[in-house]
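Q: Just need the whole structure built from these sequences, with the hints factored in.
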Amino acid sequence: MNKTRIITAKEHIPTFSWQFLFNELKPRGKWLTPFNIISIPIILLGFGLIVLRFWKGIGAVTNLTQEVPWGLWIGFDVVTGVAFAGGAYVVTFMVYILNMKQYHSIVRVTVLNGFLAYAFYTGALLIDLGRPWNVVNPIIGNNYGTSSVMFLVAWHFLLYMLAELFEFSPAIAEWLGLKRARKILAGMTIGAVIFGITLSTLHQSGLGALFLMAKEKIHPLWYSEFIPILFLVSSIFAGLSMVIFEGSISHKVFFDQISEKNKKAHNGIIHGLSKICAVTMFAYFFLQLLVFLHEQNWTLINTPMGYWFLVEMIGFVLIPMALFFYSYRTANIFTIKLAAILTMIGVVLNRLNVSIIGFRWDAAIPYIPSWMEIVVTLAVIFTEIWIFRWVINRMPVLRESPSWAKDDNH
Amino acid sequence: MSIDRRNFFKTIGIAGVTLAVGKSAGATSTESSKTEFRGMLFDATRCAGCLECEIACAKAHNQPEPTDELKVDVLRKTSEVKRCAINYHTTSKGEVLVRNQCMHCNEPACAAACLTQAMYKTKEGPVIWRGNKCMGCRYCMVSCPFDVPKFEYFSANPKIEKCDMCYDRIMKGQIPTCAEACPAEALIFGTRRELLTEARKRIAENPEGYVDQVFGETVAGGTAFLYLSPAPFNEIGFNTKLQNSSYPALTKGFLYSVASVDVLLPALLLGIYSATKKNQSKEEENE
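Chains as they are written, first to last, in our numbering: chain A, 1 to 410; chain B, 1 to 287.
Source of the hints: derived by calculation from the structure; they are not laboratory data.
The structure presented is a predicted model; accordingly, all values stated were derived computationally and were not measured.
Errors might be hidden in some of the hints.
Said to hold, decoys possible - Each computed DSSO-like pair below joins lysine-lysine, with the alpha-carbon atoms no more than 27 Å apart:
(1) K133(B) - K59(B)
(2) K56(A) - K77(B)
(3) K121(B) - K59(B)
(4) K93(B) - K77(B)
(5) K159(B) - K77(B)
(6) K121(B) - K215(A)
(7) K277(B) - K101(A)
(8) K56(A) - K159(B)
(9) K93(B) - K71(B)
(10) K277(B) - K183(A)
(11) K59(B) - K172(B)
(12) K179(A) - K277(B)
(13) K179(A) - K261(A)
(14) K215(A) - K71(B)
Stated by the list, open to error - Across the chosen pairs, the derived CB separations fall in these ranges:
(15) S260(B) - L32(A): 52 to 58 Å
(16) Q243(B) - I345(A): 32 to 38 Å
(17) W298(A) - E69(B): 42 to 48 Å
(18) I272(B) - A181(A): 26 to 32 Å
(19) R180(A) - S245(B): 53 to 59 Å
(20) G123(A) - S260(B): 18 to 24 Å
(21) L270(B) - F22(A): 49 to 55 Å
(22) R329(A) - I272(B): 35 to 41 Å
To be verified - Covered stretches of chain A, as calculated for chain B (at least 3 residues, CB under 8 Å):
(23) 216-230
(24) 320-333
Just so it is clear, CB atoms sit at the ideal spot from N, CA and C, and this is done for glycine as well.
A: Structure, rendered in structure tokens:
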């Protein structure tokens with residue numbers, strides 16, 4: 001079915017009509033795939049829980065306490081999710097700023113992934129806000145809390161989502177057959193990219209800076225004044241590992257959409273990205289080591305939290321880094337994928353250790369997320385994958401742009 | 001754009017004047033506002049544990065009155081329905097009663113954290129919460145070193161609850177209801193400066209009776225609530241490991257860097273972009 005679509009898209013420009021849009025909204029393909037069978041009940045249950053949350057309050061669904069006011073929805077959905085979305089700013093930097101054309105074929109899918117991650121995970125923030133009807137206050141100016149790191153992060157999030165939308169918009173225009181709009185939007189790409197990289201640098205580090213005032217509340221092995229820079233550096237390999245991981249899955253699931261040329265180029269792209277991961281992880285590990293020595297934390301190592309710190313640093317930073325360096329020469333794709341998965345686990349651990357596990361680790365009532373928080377989180381992720389799949393199946397993201405749009409490289 | 005010598009000096013001159021004027025204008029505005037931070041002084045040697053202050057507080061803020069009994073070393077916490085709590089501690093100097101509530105920091109972490117200024121340090125001293133601005137993100141709770149703000153987790157329209165030093169009463173010229181209710185004058189209200197002088201006087205007059213420290217004078221950059229105690233403060237439930245500089249100062253470096261990154265990074269990126277683009281067009285020409 002998709003094959004026929006590619007051909008028609010290449011042959012003539014679809015003219016925009018409501019009929020076309022309506023047809024596109026309908027689901028395509030088989031219904032009873034394993035993914036659908038698992039995800040549909042979880043999504044439905046998740047939305048039921050969201051209704052419960054707005055009806056009875058946050059406490060009815062979550063295990064949050066007065067000591068630990070941020071749980072899974074912030075620590076995982078927002079803080080971790082945004083780190084994984086970091087691939088978009090790294091890849092757009094490589095392709096548009098450094099002009100590394102060989103990575104052009106993964107730009108659209110990475111930007112789409114980034115945009116959806118932001119839209120959904122920060123959208124999930126609305127569930128966690130106690131008074132979400134006031135969410136527009138920092139934007140409309142009731143009042144501007146300019147001394148707040150959160151204020152900065154909120155604005156940088158919002159503007160970055162716009163920048164990513166502009167970066168992705170040529171694909172939407174190609175889908176709708178809007179030739180002139182596409183030309184204008186494509187012309188704005190480089191501006192959006194420069195804007196987007198700047199905004200990313202600041203909100204990736206800003207997410208870490210959020211925790212700077214919780215000085216005595218975060219375990220000293222994870223708290224330091226360098227959290228912002230550690231968050232920024234780790235977002236580079238977190239994002240790229242996600243690109244490697246997601247790319248491998250997309251290549252299986254959407255195999256028929258990818259051109260022969262891009263299929264051949266895929267392993268080369270993965271190998272190139274793994275080199276960047278190796279080097280940035282080395283920088284990150286070195287920074288962590290410096291912080292560790294600077295804060296004189298060695299006495300804390302021989303404690304349960306110290307062992308946990310070693311698990312994170314050795315098991316999920318040092319080992320994947322070594323694997324990335326090993327595949328530097330051998331270009332072993334399996335090793336790279338394994339390293340990417342280990343790296344992703346490491347990033348999850350790091351973000352959760354700062355925001356949840358190490359946060360008030362000494363609290364009388366420790367916070368453990370409720371099953372309902374986990375279900376809502378899964379529902380958000382699954383819904384995002386649904387939208388991702390919907391877009392991939394309709395817009396030229398993985399497949400080639402229609403021939404009328406091939407005049408330039410955006 | 002070229003800039004000659006004359007224009008250069010002109011610009012410098014204008015900038016200099018602006019700086020000087022700006023500074024003097026700032027100075028007069030602080031002089032003209034005579035409002036001083038108010039505060040409260042709690043003297044643990046005088047508290048008898050009658051809970052009158054808790055009862056008055058509950059009445060004033062439409063909250064349930066305390067029904068539990070005061071027991072030695074059984075921690076009574078503030079909560080979303082309880083803005084203050086008296087606690088009974090066993091210490092090296094015998095049993096000591098201490099009151100816990102918002103400290104009303106001079107530079108509050110909660111107010112610096114708040115992205116809508118819903119948590120707000122008034123010029124009169126109290127730190128208040130403004131519901132029409134608050135998003136309920138609970139970043140104030142994450143940031144507060146004293147774990148003061150409490151959130152109504154079981155409400156569809158949740159509020160942040162904490163002591164506001166009876167801000168509405170202060171604005172009417174009254175004193176906070178707890179200070180009014182206290183029969184032993186363990187809790188007194190005044191300007192922070194007066195209270196510090198009074199606290200030091202009490203220590204000087206009775207050096208045996210007090211530890212030589214006014215808790216709140218320096219902790220977290222100074223707080224409006226000041227404490228005198230016969231026993232060391234770590235024995236009466238205070239975290240004495242808290243830093244003495246202000247908490248918002250911890251984010252200053254990051255916040256200052258934002259403006260420079262926002263300006264310099266795009267310029268740098270644009271530069272790299274044009275450089276790589278030129279290279280590419282040259283390569284194409286060579287081909």
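Q: None of the hints should be skipped; say for each whether it holds.
A: Results of checking the hints against the structure:
1. K133(B) - K59(B): This hinted pair holds, its Cα atoms lying about 25 Å apart.
2. K56(A) - K77(B): Cα-Cα ~24 Å, so holds.
3. K121(B) - K59(B): Holds. K121(B) to K59(B) sits at ~24 Å (cutoff 27 Å).
4. K93(B) - K77(B): Holds, because 23 Å separates the two Cα atoms, which is no more than 27 Å.
5. K159(B) - K77(B): holds, 18 Å
6. K121(B) - K215(A): holds, 21 Å
7. K277(B) - K101(A): holds, 11 Å
8. K56(A) - K159(B): holds, 14 Å
9. K93(B) - K71(B): holds, 17 Å
10. K277(B) - K183(A): Satisfied, since the Cα-Cα distance of roughly 20 Å is no more than 27 Å.
11. K59(B) - K172(B): holds, 18 Å
12. K179(A) - K277(B): holds, 25 Å
13. K179(A) - K261(A): holds, 25 Å
14. K215(A) - K71(B): Violated, at about 32 Å.
15. S260(B) - L32(A): 52 to 58 Å: At roughly 55 Å between Cβ atoms, L32(A) and S260(B) fall inside 52 to 58 Å, so the hint holds.
16. Q243(B) - I345(A): 32 to 38 Å: Distance hint for Q243(B), I345(A) holds at roughly 34 Å.
17. W298(A) - E69(B): 42 to 48 Å: holds, 46 Å
18. I272(B) - A181(A): 26 to 32 Å: With Cβ atoms ~29 Å apart, the hint holds.
19. R180(A) - S245(B): 53 to 59 Å: holds, 58 Å
20. G123(A) - S260(B): 18 to 24 Å: At 31 Å between Cβs, range violated.
21. L270(B) - F22(A): 49 to 55 Å: violated, 42 Å
22. R329(A) - I272(B): 35 to 41 Å: violated, 28 Å
23. 216-230: With 4 residues close enough to chain B, the hint holds.
24. 320-333: violated (count 0)
Of the numbered hints listed earlier, those contradicted by the structure are 14, 20, 21, 22 and 24.
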